[in-house]
Amino acid sequence: MVSPVHIVSIGLITAFLLGLGKKSQQSILVLVLLIATAAMTMISGSWLIGIMTGSVQPTDVFTAGFKPPFAINLRMTMDEAVLTTMVNLFGFLTVIYLFDVLKNAGKHLLSIIVVFLIGLNVIVMTRDLFNLFVFLEITSIATAGLMIMIQDSKSISAGFKFLIASSVISGILLIGIIFAYSYIGNLNIDFMSNLSLIKGGSVAVFLVLSAIILESKQFPANGWALDMYESAHPAIGSALSAVSAPAVLFVIYKLMPIVPESWHSLIGLFGLITFTFSNFLATRQGNIRRMLGYSSIAQGGLMLTVVSMSTFFGNSFWFIILGFLLTNFFAKAGLFWLNGMVNSDDQNKWGVLRKRPVLFFLFGAFVVAIAGLPPFPTFFAKWEMIMQLANGNGWGWIVLILLGSIFEISFLFKWFGRVFHAEEEKINDIRTPWFKQVPVLLFGAALLATSYYFVEYLNFDVLFVMLPLLIVTVFFAIDFLPAFVKNLLLIASLTIYGYLIYPEIDGNVMQLVFMGVFLVGGILTLIPGFTQKGTRAGFYPFAAMTIFGLIMLVNPADNLTFFMGWEQMALGSYILILRGKKAERPAQQYMLFSAGGAYLMLAAFGLLLHFAGDTFFGHLNGMLPGGGVVFVLFALAFMLKAAAIGLHIWLPGAYSEAEDDATPLVSGVLINSGVLGLFWIATAFGPQQLFGYDIYQIMGWVGAITAIGGNMLAIYEEDMKRLIAYSSVGAMGYIIFALSMNSKLGLLIALYYMVLHFIYKTMLFMSAAGVIYRTKTRNMYEMGGLIKSMPWSFIVVLIGIITLAGMPPLAGFAGKWMFYNAVVMKGWYLQGTMVFFSGIVAFLYLYKLIASVFLGQLKDNHRKLKEAPFVYLLPQFIFVIAIMVLSVFPQVLLEPLATIIPDRIPGEALHWDGKLAMTSFGYWNAFSVMSVVIVMFAVIFGWLVYHSRKAQKVKQFNIVFAAERPFRPETTHVSYNMFAGYKKALGWLMTPLATRFWTGVSDWSMAIADKMRSWYTGNGQTYAMHLLLYAFVLYLLISGGKIL
Amino acid sequence: MVVIILTIVLGLVMISMAVTALTAQRVRAAVLASGIVSLIASIIYLLLAAPDVAMTEAAIGSGLTTIIFFYVLNKIRRSDV
Amino acid sequence: MEYLTLQNIGLVTGFLLILIGLYGALTQKNILRIIVAFTIFDAGLNLVIVALSYIKGRVAPIIDQTTGITNLSEKFVDPVPQALVLTSIVIGVGVTGVMLTFALRMFKTRQSLDINDFKETKW
Amino acid sequence: MSIDWIKLLFTLLGLFIVLNYGLLQYGMIRRITARIGKRIGMPVYQPYIDLIKNYSMRSQITHGVMFYLGPVFRLAGGVGIFMFMPLIYGSYYWSNYSFSGDVILIMYFMFFGMLGMALGASEGGHPYSFIGISRGLSQFTTVEVPFTLAVIAVAVQHHSFSLTEIVAGQQGGIMHWNIMTNPFAGIAAMLAFLGMMMASPFNVVQAPQEIPIGPPTEYHGTYLGLLQTNRAILYVSESILMVNLFFGGATNWIELIVKSFLVFFWPVFVGLVFPRFRIDQSIPWFLKLPLILGIIGIFMV
Amino acid sequence: MYKNMFIIVLLAGLGILLGSFLLTHHANKALPELPAYYADKTASEVGAANVVTAVIVTYRGFDTLGEVTILFVAASLIAMFLKTSKAPKDRHPRPSSVILSTAQKLLFPLIVLFGVYVFTNGHLTPGGGFQGGAVIATGFLLLLMANPQAEFKHGLLNFIESISGTSYVIIGILGAILGLGFLDNRFMSLGELGTLFSAGAIPVIYSLIGLKVGAELSNILHHLNEVQNEA
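Respectively, the protein sequence lines represent chains G, C, U, P and X.
Residue numbers for the first sequence, in the numbering used here: 1 to 1044.
Residue numbers for the second sequence, in the numbering used here: 1 to 81.
Residue numbers for the third sequence, in the numbering used here: 1 to 123.
Residue numbers for the fourth sequence, in the numbering used here: 1 to 301.
Residue numbers for the fifth sequence, in the numbering used here: 1 to 231.
Because the hints were derived from the structure by calculation, they are not lab data.
Any given hint could turn out to be false.
Unchecked claim - If you want a taste of the chain U side facing chain G, the calculated C-beta under 7 angstroms gives, among others:
# : residue
1 : Phe38
2 : Lys75
3 : Leu84
4 : Thr109
Quick reminder that beta carbons are idealized off the backbone N, C-alpha and C, glycines included.
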C-alpha cells in the first residue's frame, strides 16, 4: 500500500514539473495532470477499499520519522480515505471536464488545480493545527487562482472578496492556534484534548473553531462565498461545493474532541440556521449558480449540524453524514457541471437540456437527490436525523430542518419545473462534448449506486419495497421503447406483482382493499394510455413510481417504509402532473404542499418515536395517551393529501393541468393515500385531545366545511377537469367527516366512500379525458350535445353522477344512508346537516357537468366527433359494472370492510339480515330498492314506448324558441355561468380565503427573503465585517457574555 | 531595563506608523509606513531572540512586500494619468 | 512593573497592531489601503507569536560555542513559534502578492480602487 | 325473495287511489285558486281530460334518448316515493314497499325523478330548460337543509328513521304529533315544504310568466301525460310524507286524505298570499328563518 | 460613520478577548515538553545547530513544503493573472541610469552569492532557504530595475524553480524510503554538529528551498515588471 503522503508528493512533483512545460505542449501537460490526479485517486481509493475490506489497517504517517507531537503526522483512516478519495476523484473528473479549457489555458492553471487538490488532501489528513493552517492558506490561494479562470470583472472582484474574507479568517485561526500552543505547548490536535479545561484555553479553542466555522461559509457571514459561487466557472463552483466544503467540515469534525461538550449544540444550531435561511433566500434567486451556491451553503450548514453533534447522533452519525455528504457531493457537482454545459444562469435557457434525455434525467435525479426525496441518501439521512433529534427532544431543531427543507424543495422544484417547461432555444443547440458528459454521467451513476447501497443497507422488505424499486428502475432503463409496449409491460408487471403479493396479504382485508384500489386503479387508469403514440418518454417510470409508491404504503414494515412510499408517490405524481402542458405552476404548488405534508408527517414520526417508541403508527393498538400533537400532525399531513379545505388550493390546478389520461391516476387513485393514512391514525390512536379540545370534533368540522367548500367551488367551474377536481375536495371532506366521527359506522362509511369515490371519480375523470381527447377543449360551455356522438361516455357519466349524488338505487346511496345513521348516533346534527347540504350542492355541478357536455345543443365543430376510443371506455365500463354490482349487493363490499374496523372503536356496527342492512335507527335493502326501481322503470318505459312508438326524431335545433328559430347552437346552450343566481345568493361562501392566505404567505415570505437578501451588499469589506460579527455573536452565545 | 525601554519606544513607533499607514494622504506613504512597521518588527524580533525571524521579516515582510506594492502602485499611477 | 516584560510589550504591541490592521481593513475604502492594513494585521500577528516564544533571559535557539550542547532546553527560547512565524511571513507575502495582483486587475476593469465599486454580485 | 303478490296488488290499488286523488286535488286547488282570484276556474275534472287528451295524442317527436327517458325517470321517481312510503299505520298491506328502506331512502329518491327530468329537459335543447333547471336545483339545495334538520330532529326524537316507527311514536292524540312535540322542527319542515312544492312564492323555477315555454313545451303528448301523472302522485306522496312525519300519520284512508289535503293546502294558501321571490332571494330566505328553526328544532330534542 | 462605530465596538470585543489572553497567560518559566524536546534532541537527532532550522526543515518539514507550495501557487496565480497581452509594449521607456546598470553588473553576482551563503548555512546560523531566496530575489530585482525592458529568459527561472521543487519532494520521498519518514533528513549522514556538511539532508533541502523561493519570488517580480511594460 502506497503511503498516503505520496498523494501529496505525486501532486507536488506534478505541479512543479508542469512549470517546465511549454505552450506548445499543453495537451501533454493536461495529460500529465490527468495521470497525476488519477494516481492520487488510486492511492486514496486503494486505502478506501483496503480499509473497507479490512485488508489494511488505518494508519498514521509520521513525517520526518518522528512520532507526534514532535512532528506533523497525517492520518489515514476510513474517514480520511473517504474524503481524500472524494477530493481526488473529483479532481480527476474536473480535469476531464475542463479538458477544453485546460487545453487552452496556461500551465499555471494546471499547477493551481493540482495544488488545490493537494491542499484539500492535507487539510483532511493532517493532525497538526498549524499544518492545517498552512494548507488552508494553500487552498485559499489556489481557490483564488481557480476563481480567475474566467477573468471577468465579476469573478475578479469575487476573488478579491474571497481573499479579504480568507485573510480575516486565517488571522483569527492563527491567533487561535498560537494561543492554543501557548496554553498546551504543542500543536497536535490529538494532544489537545484538555485544552479547554485550562483557564483561558477555551478562548483558543473558540478562535480556532470559529475560524473554521467561518471558513465553512455559515449564514449570514457568507456573502463572499455566494459571490464566488455566482461568478466562478461552474467547474470551480462545483469544486467549492463538492470538495472544499466537505474538507472544511471534516476539519470541524476533527476539532470536535477538543471542543467543550456544551458548545456542540450551539454550533449545531448555527449550522441549522444556515440551512434554513440559505434555503429560504435561495427561493428568491434567479441566477442558477448563485442559487446553487445558496443551496450548497445550506447543505454545508446541515452537515455542520450533524458534524458538531456527532456525539449526540452516536451510532447513526456515519449514516447521516454520509447520506448528506455523498448526495451533496455527487448531485451538487453534477448540477454545476450541467450548468457549465448549458452555459447559462437563466432558468429559461435550460430548456435546451431536454434535448439530451440522459442528461435531463440526471438533472432531475440531482435535483431530487438534493431535495431529499427517496430513494436518494439524503432522504434516509434526513429521516434518521429527525428521528435522532426527536429522541433527544430537539423539537425546535426539527422545525428548522423541516422549514429549510420545504424552502429547498421550493426553489429546486421551481427550477426543475421551469426547465421542464422552458421553451427550447431554437438557435443555440446545447454543446455536450464527451469530456463534459463523462463526469456528469459518472457522478449520476455514482449517485444512483450510492442510493442503491443506502437502500440495501436499510434492509427493506424484498417483496414490498425492493421489488417495486427494481421495477421502477427497469422502467427508467427501458424508457426508449414505444409507449404501448411500456404500457403493456407496466400493466403486466402490476398484474404479476398483484399475483405475487396476493398470498402475502390474503386474509388482511384492509390491505386487500387498499392494495386493490391502488393496483387495480393503477392498471385500469393505465389502459387509456394505449392511445398514446411515440415513446411518451418519462411517463411510465414515474407512473410506476407513483403506483408502487402507493403500494408501499399498504403493507409497510415500519414508519420509514411508509414515509418512503409516501415521498416516492409524491415525486412520481409530481412528474406526472408536471407533464401537463400548462402544469408548471400547479405542479410546483402540488410539490410544495406535498412536501409540506410530508414534513409534517416526518415531524409526527419523530414525535411518535418519542411517545410510542419505534412502532409503526398504523399498528398502535388504541390509546396513545397525550399523543394529541402527533395525531394533529399526522392528520394535517394526510388532510393535505386529501385536500381538506384551506389546504386544498393545490388540488384543482394539479388535477386539471395534469395530462388528461394521467389525471385519473393522480386523482382518483392517489388521493386515497390520504384516506389510508387518516384511517390508520383514526383507528390506531384513539380519541385525542389538544389543548383540551377534542381533535375529532375539530376534524369533523373541517370535514364538513371541506365538503361544502369543495362542492361550492365546483359549481362555478367552467373547466371540466377542475370541476371534477373540486368535487374530489368535497368528497374528501365527506370522508374526513366520516372518519372523525370515530364510530364503527363512521369508519365504515369512510372506507366505503373511499372505494366508491375511487370508482366513480376515476370513471368520471376518464370519461372527461375521453371527451377532451375528442373535443380538444376542457371548457364545458364549448361543448354540448355530445350524447349523440358519445353515448357510452354519457352513460358512464350518468352512472357516475348518480352514484356521486348518492341517489338510490345506485351504490352511492348506501353511503348516504349509513351517514345519516352515523350522524344521528353521534349527535353531530349541525355538521351532519352541513355535509348533507354539500351533498345537495353537488347536484348543481353534476347537472352542469352532464348537461353542458352531453346535453343541449351540439356545436358545429363537434358534429363529426366520434365516441371516445375503446381503451378509454373499457376501464370505465369495468367500473360501471363494479358500481352496478355494489348497487345491488352492497354487502359484498360492506361486510368485509366492517371486519377491518377494530373492535375498540365505539359505536354500533352495521347489522345484516340477509340483504337487509340495519342499525338501531333504520334499515335499508338495496336489492329490494333496486328491484322496485327496475320494475317501475321498466313498466313506465314500456308504457311510454308503447305509446310513442312512432315518435319522430327531430333535430336538436327544432325547438320552439319564442317563435324564432335559433341560428347558432351557442345561443341556445345556456351553459356559461350557469348558476349565476346561486352565486349571487351564496357566492360569499366561496370567498377565496384559503387562496388569499396562501398567497399572503408566499408574498410575505418573498418580501422577507428579499429584505434579508439585501444583507449581502456585495461589498467585500462588509462581508469581512460580517465574519467578525458572526464570531462575536457566536462568542457571546457560547460564553454567555463572560470571558471564557 | 534599557532593552525594555527600547522595546517600548519601538513599539510606540510601530503603532504610530501603523496609524500613519491608515491615515496617510497618499497610498505611497501608507505603503512606506507599513514597510517601516515591518522593519521595526524585525528589530523587535532580534530583541526577542529570534534572529531567523528577524531576517525573514526584514527580507520578505519589509523588503519584498514593499517592492511589490510599489510595482503595483507604479502601474496604477501610470494608468491613472 | 512585573507586567512590563519584553514579552508583554511585544504582545500588547502585536495586539494593537492586529486591531489597527483589522480596523483599517474594515474601514478603508481604497483597495490598496485595505491590503496595507492587512499587512499590518499580519505584522501584528507575527509579533504576537514571536513574543510568545520569548522567555526572559534566554538566547536564540542556535547551538554555538556559547551555549554548549547540554541543558539546552534551559537556555533556549521556544523555537517552535519562531518556525511558525517564518512560515507565516512567507504566507503573508504570498497572499499580499496575490491580493495586489487582484487589485491591479480590478483597477484595470473599473479604473477605480474603491471597494464600493466592485459590487456586481450581490443578494 | 318471494314476491308477495297480494301486497303488490294492494300497492297498485293504493297507487290508483292516490293518482285519482291527486288529479282531483289538483283540479280542486286550481278551482279554489281561481275563486280567490275572482275567476270561475276550470272544472274539477279538468286534469282527467288533460291526461286522457295527452295520452291519446298521436304526433310525437323526440330529441333523443335522454329526452325520451326524462319523463320515465320523473314518473319512476314519483311512483318510487309512493312505493317506499307506508300509507296507513298498522296495516301490512298498505305499508307498500317501505320495508326496502326508511325515510332517508324517500328523501333521496326525490332526487331521482328530478335529475331524470332535468336531463331529459336539457336534451330538449331548449335554452330555457337550462335556466329553469339551474334555478330549480339552486333553490332545492337550500330547501332541503331545513327539511333535513327537521327529519333528523324527528328521527332522533323517535330514535328511528323508519317512518312506521315515527308514526307509531305519534299515536295517541294530537298532542303526540311531532308538530306539537317539536314545533320548531315542524315549522321548519313546513316552510321547507313550501319550497319542495315549488309553489308561489318559490315557483320562479317553473316561472309561468318569464319562461312561458319551459320543459312542458318540448314535452307534449304522452310525455306530458307522464309528467302530469307524476305531478298528481308526487304531490300527494310528499304530502303524505309530511303527514307521516309531523301529523301523526293515518290509520285509515279518510284520515290520510283529509290530513294530506290540509297539508297540501298550506303551500297553496301561502302562494296565494305572497308574491314570488327571485331565485337569489329565495335561497337566502331558506337559509334564514327555516334554517334557524330547524337548528332550534334539532336541539329541542 | 455609524458603520465605523459598529466596527469599533466589534474590535473592542476582540480587544477584550485578546486582553483576556494577556491576563490568563502566564509567562513561561520553562519550555513545555515539545520545544524542550527540540532544544535537547536536535543536536543528536537531526544534527543541526540551528534548532529553528531543524524544526522548519525536519520536524515541521511538511509545513515548509506547504510554505514553498504557497509561494509557488501564488507565483503561478500571478503569472496566470498578469499574463501579458500580445499588445505592443510601451516604446518609450525611461532609460535606466548608468549608475544603476553598472552597480547591477557589479552587485548582482555578489548578492546571489550572499543568498547562496545564507541558505547553505541555514542549519548553522540564522537564515536559511527563505531568507536566502529573498536575497536572491533582491538581486534579481536589481537586474530588473537596471533594464526594465529586458527580455529575460524566464525559462531559466522556471527551470530552476521546477527542478529545485521537484528535487525537494524527491528528497522528501527518499527520506521516506531510506529514512523513517517523509522529509526525514537522516538518510544522509548527520555529520559533525556545526559543520557545513552536517545535519543530513538539511543543507540540501534548504538549498533547494532557497533556489526555489528565489526563483519564485523573482518570477513574481518579473511578472510585475512585465506588467509595467504593458501599454
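Hints, verified against the model:
Residue-level restraint check for U:Phe38 holds (minimum Cβ-Cβ distance to chain G is 5 angstroms; threshold 7 angstroms). Nearest Cβ of chain G to the Cβ of U:Lys75: about 18 angstroms, over the 7 angstroms cut. The hint is violated. Given hint, U:Leu84 at the interface with chain G, holds; its Cβ is 6 angstroms from that chain's nearest Cβ, closer than 7 angstroms. The interface hint given for U:Thr109 holds, since its Cβ lies 4 angstroms from the closest Cβ of chain G, which is under the 7 angstroms cut-off.
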